[in-house]
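> Keeping the supplied structure of chain X fixed, place chain D upon it in accordance with the hints.
Order-wise, the sequence lines are chains X and D. When we follow my numbering, the leftmost residue of the first sequence carries the number 1, and every step to the right adds one. When we follow my numbering, the leftmost residue of the second sequence carries the number 1, and every step to the right adds one.
These are calculated hints, taken from the structure and not from any lab test. It cannot be assumed that every hint is accurate.
Derived SDA-like pairs (lysine to any residue); straight-line CA-CA distance at most 20 Å [claimed, not checked]:
#1 X/76 to D/270
#2 D/59 to D/8
#3 D/59 to X/69
#4 D/270 to D/195
#5 D/61 to X/73
#6 X/76 to D/12
Since we're looking at a predicted model, the values are computed, not measured.
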Amino acid sequence: MTIDNTQSQMRKGILEFCILAVMREREAYPSEIITALKEAQLQILEGTLYPLLSRLKNAGLLSYRWEESPSGPPRKYFSLTEEGHRFYQELEITWQQLAEAVNTLTTA
Amino acid sequence: MNKIININLAQRIIPMNESAYNALNDYLDILKQYFSKEEGGDEILQDMEDRIGELLQEKIKKGLVYITDTDVDEIKVIMGSPEQIVDEAGGESERNQEKEDPAGPHQSGHATDNITSGKRLFRSSSESVIGGVCGGLGAYFNIDPAIVRVLFAIITLFWGSGVIIYCLLWILLPQQATPTLNLKRRWYRNEDHKIIGGVCGGIGAYLNIDPIWPRLVFLLPVLLGTGIGFFANDFFSFSIGGFPAMVLLYLILWASLPKANTLAEKLEMKGKKVDVKNISEAMKQPQAVNKANNNGCLSVFIWLLKALLICIGVFVLIILASIAIGLLGALLGLGISSAFILPFSGLILGSGIAKSVLIVALLLIILIPLYLLIHILVRLISGHKKTMPRWWATTLVILFIAGVFGLFAVAGTVFMDFKTKYSATEDLPLQPFPNDTLVLSKLTERPANTTTRNFWDDELKGAVRVTFEKSADSSFHLQLTKNARGQNKAQAMANVQKIQFLFQQDQNRLRLPEELDLSRALPFRDQHVVLTISVPAGHWIYVQDADDDWWGPHYSYHVHRNSIRYEDNDDDHELDEGCYYQMDDAGQLTNAGKAPGRKDNDTYYY
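Next up, chain X with everything else stripped away, as it sits in the complex (with noise of 0.2 Å):
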């Protein structure tokens, strides 16, 4: 047991509720979403964000559109299905209880 490994398997469990939060508000192209997690100090692989996008939008859970950028190509700008908001709300409950779980226990 390494501690990289720890921390990456600790990690790998909020990536996805994460991207999701980012998207709860507003529509996100992947860039966006990247900036986003990185202003936020979360240590992310860029490579990581596309599988993990697509897996979601294969759950039913995102949806894309494509949108004309000022600067290049069209963007792929990413939002919430119902299912996905559904989904976030599960998953923020989940994430207050163990958040307040490892706060007693480190706290106490």
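Just chain D, lined up with the frame of chain X:
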């Protein structure tokens, strides 16, 4: 010197030097390998390309003239290696990893549910050359699909059986993305170390030995043949037989093995893990070029050898194609030709039930392969990937087997009907006549109560045989042996008794039927008769044509002589029409020609 090329990456024009281009290309290649098996893998890849393009363009916008290796390496760090991505993104593939068979740890996407519920055999949509059958088998047994392909190609040499098995599996197996194989090495053709097709180079890389060894094995028959062959005959014949076998084996391998194209494949071939580190290492190594090829004389020789092998290869392909077509044809032909027996089935089959069974069985045997053939062709042409539902395929197979079974059952009853043979011999009355010549001619009228069965006529012509022997006394005699078959002796005997042999005698003229007529109610049970004509020594047989013309001008009577005496010669003699034959003391008939010194021959009969 450094070449700068403009590439179009996700609709962005980006200048980069050649090595950066190669590095990026390889990186995208590996990503492709990892994600192409996942549902929506193409899309993932496109999005990643888009992002890479965006990142690179930002660099250009900041004033960079062109992209270099360092920039590409930076991109790789930002995006991550496929392993890192899979590790971090996890997803379906990872959650199931522990439950899964170790055979398929990289399984990803929607296919997982089926895999985890137990190991099943699929056609692989991800490892597919023709129909994905070999890829699926490889995934099932966790062996390199290349090996499965080679095996299929080899068993195809045995009367095309590989093609049949392949088609059956193609029809029966559902299609599915199969897990990436967890193989240490994969078998490719190694074109970096090639002399002819890179087959030996590939074997060398696969077995981690110098390609010289497989080459020596392939050349073994020739070496032995030319070396030791001159001293020992056995070795020489070994090389004669071994050389074509080795050529064939080489061609099969050449045709079945994929070429190692990308760096990733070349790494797989050598059993190295495909990751960024190994790839960049491999790229730093100079391309191994076989220098030996470059000297003139040898290269001409190799070129000739290659041309020869390609010619043989085309030849073998043509043979294989004709085997496949022949097999399909034979399958259809078998059905169709049996269908032509139907008109005679009343003759052969005793009961109506057997006839109905025969018709149904034949329809099944003809129509099902035809249907499947059309199904496959339609699928090939339209590129429609959907297999037929399993229950339907199973039903078809069961029906086909039932058809074959029915055919054999009918054949079995027929066989039973022919089991016992019976024959009875009787003397036929012959009115005495004053001449010493018996004139044989044909009986043209048919008995009133029989019908002509045109299809069958030809077959029954052999049913009347005439043999000659020396008469014990001084007059002609006729003896008839009737033969027939039946389920048991009683039936065979009854069938014998029902044989009607009708002939006419008009003084010394004997009119014989050429064929047996079966009455309508009588099935064919190999009825045949042998008419033995006893001719006194010194007496004559004259063969006369029938008066009518419907047999044509070349009519000659088929006659078997006493077979015991003619054992050494060929059994089947013909007595020519218009000729006289005299019986000698030894019991042999000798041809005396058209006018054997007899003054009365013209006046004799007419």
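> Would you mind marking each hint as holding or not holding in the structure?
Going through the hints against the structure:
no.: 1; hint: X/76 to D/270; result: violated (40 Å)
no.: 2; hint: D/59 to D/8; result: holds (15 Å)
no.: 3; hint: D/59 to X/69; result: holds (19 Å)
no.: 4; hint: D/270 to D/195; result: holds (19 Å)
no.: 5; hint: D/61 to X/73; result: holds (15 Å)
no.: 6; hint: X/76 to D/12; result: holds (16 Å)
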